[in-house]
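Participant: Sequence:
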Amino acid sequence: MHDGVRRDSILNVIQNNAMPCLPVSELIVCGWDEVFILDRDTRKEGMPAKIWSWRAAGRSDLPGEHQALFNTTDECKPFDHGQKILITSSGGAVAYVDRQQDRVLFWGRPPNAHSADLLPGNRIAVAASHDPHGGGDRVLVFDLARPDQVLWSEPLAWAHGVVWDEARQILWTLGDDCIRIFKLVDWDTANPRLAVISSHPLPDTGGHDFYTVPDSPFLFVTTSRHVWLFDCDTKTFQPHPGLADKAGVKSVCQHPDTKQVVYVQGDGDYWWSEKLHFLAPDDVLHIPGEHFYKARWNVRIE
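For the record, in the sequence shown the residue sitting at position 83 is 126 according to the working numbering, with numbers rising by one throughout.
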């Protein structure tokens, strides 16, 4: 098939006839010691209004020694219609936060945590990336009712992403050079575990962001130099039609209704950016002094 035809076909699937208008929606952003939500439809001094903010420092519902671990937040996934947010930090921490009640529901200390997702049975999978002091380079499972107690873990070099697939009942995980698929085993017992189903090499190294493309069979996969779409049905990779050759992309997320994509690309050699970029329609939001690492639409993408 001609490359242009194939790329157009992929774009049609992931955009699904998006309306050419700016969405009215909330964006959850993280990257420094603060996780906050921007409302793009409400302006304050010309900028989207910050309508919610969370910092670990000084919280009575987090152990004191745990609070400083959230100085470099790197994931902010919404759940429960955007009322709860799963937060990880490369400083070595994970927290599940109730936005309405302003309360930490769960916390843990996975080394160099880079992403997390909820699993059946009130459990959490965390991608713990490389840690020179040990304990990282693996996928870990916690129980929401038992803070900071690891139930199970499995090595995965430079683990950066975990996505629970409710329809297929499997966990997709992203490492430095592969996607590894797990199934639940002994899940209704006190000793649950995950078993490897298969492993699929990445087209290049540096697996980084890993997120569901709504209403499609695809997952976003970013690597050191490219952005890909991974087809969960065929287990194959395709270059993203609009972002394929962008290097250093830290996160990609698509709104399930408007289909607009928000992504963060590191500024120069930095791991962070002061800008949020958008596709379909194209836009750039620049907030000087910010350290954006990931941006997620505040809607739970199943």
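Treat the hints loosely; a few may be bogus.
Computed list of lysine-lysine pairs in BS3-like fashion (alpha-carbon distance at most 27 angstroms, straight line) [to be verified]:
id	residue 1	residue 2
1	LYS127	LYS318
2	LYS289	LYS127
3	LYS278	LYS318
4	LYS302	LYS87
5	LYS127	LYS87
Derived DEER-like restraints, expressed as beta-carbon distance ranges [stated by the list, open to error]:
id	residue 1	residue 2	range
6	PRO198	THR232	34 to 40 angstroms
7	ASP312	ASP220	48 to 54 angstroms
8	PRO246	ASP312	22 to 28 angstroms
9	PHE122	GLN192	27 to 33 angstroms
10	ASP145	VAL228	17 to 23 angstroms
11	PHE122	ILE330	23 to 29 angstroms
12	GLU108	PRO324	34 to 40 angstroms
Calculated from the structure, these hints are not laboratory results. Since we're looking at a predicted model, the values are computed, not measured. C-beta atoms are modelled at their ideal positions from N, C-alpha and C, and glycine is treated no differently.
Participant: Would you say the C-beta atoms of ASP312 and ASP220 sit inside 48 to 54 angstroms of each other?
Facilitator: At 22 angstroms between Cβs, range violated.
Participant: Between ASP145 and VAL228, does the C-beta distance stay in 17 to 23 angstroms?
Facilitator: Once the Cβ atoms are compared, 37 angstroms apart, the range 17 to 23 angstroms for VAL228 and ASP145 is violated.
Participant: Assess, step by step, whether the Cα of LYS278 is no farther than 27 angstroms from the Cα of LYS318, and give holds or violated.
Facilitator: 32 angstroms, violated
Participant: Does LYS87 sit within 27 angstroms of LYS127, going by the straight-line distance between their CA atoms?
Facilitator: 25 angstroms, holds
Participant: With a cut-off of 27 angstroms on the C-alpha distance, tell me whether LYS302 and LYS87 pass.
Facilitator: 25 angstroms, holds
Participant: Regarding PRO246 and ASP312, is the given constraint of 22 to 28 angstroms on their beta-carbon distance met?
Facilitator: Given range 22 to 28 angstroms: holds, Cβ gap about 23 angstroms.
Participant: With 34 to 40 angstroms as the target window, see if PRO198 and THR232 comply at their CB atoms.
Facilitator: Violated, at about 23 angstroms.
Participant: Verify the CB-CB distance for PHE122 and ILE330 against the hinted window 23 to 29 angstroms.
Facilitator: Between PHE122 and ILE330, where Cβ atoms are some 26 angstroms apart, the hint holds.
Participant: Quick one, are LYS127 and LYS318 close enough, alpha carbons at most 27 angstroms?
Facilitator: 25 angstroms, holds
Participant: Evaluate the given range 34 to 40 angstroms for the C-beta pair formed by GLU108 and PRO324.
Facilitator: Taking Cβ atoms as reference, GLU108 and PRO324 lie about 45 angstroms apart, which means the hint is violated.
Participant: Look at the Cβ atoms of PHE122 and GLN192 and judge whether their distance stays inside 27 to 33 angstroms.
Facilitator: 21 angstroms, violated
Participant: Is the Cα-Cα distance between LYS289 and LYS127 27 angstroms or less?
Facilitator: Roughly 31 angstroms separates the two Cα atoms, so the pair is violated.
The structure fails to meet hints 2, 3, 6, 7, 9, 10 and 12 from the earlier list, while all remaining hints are met.
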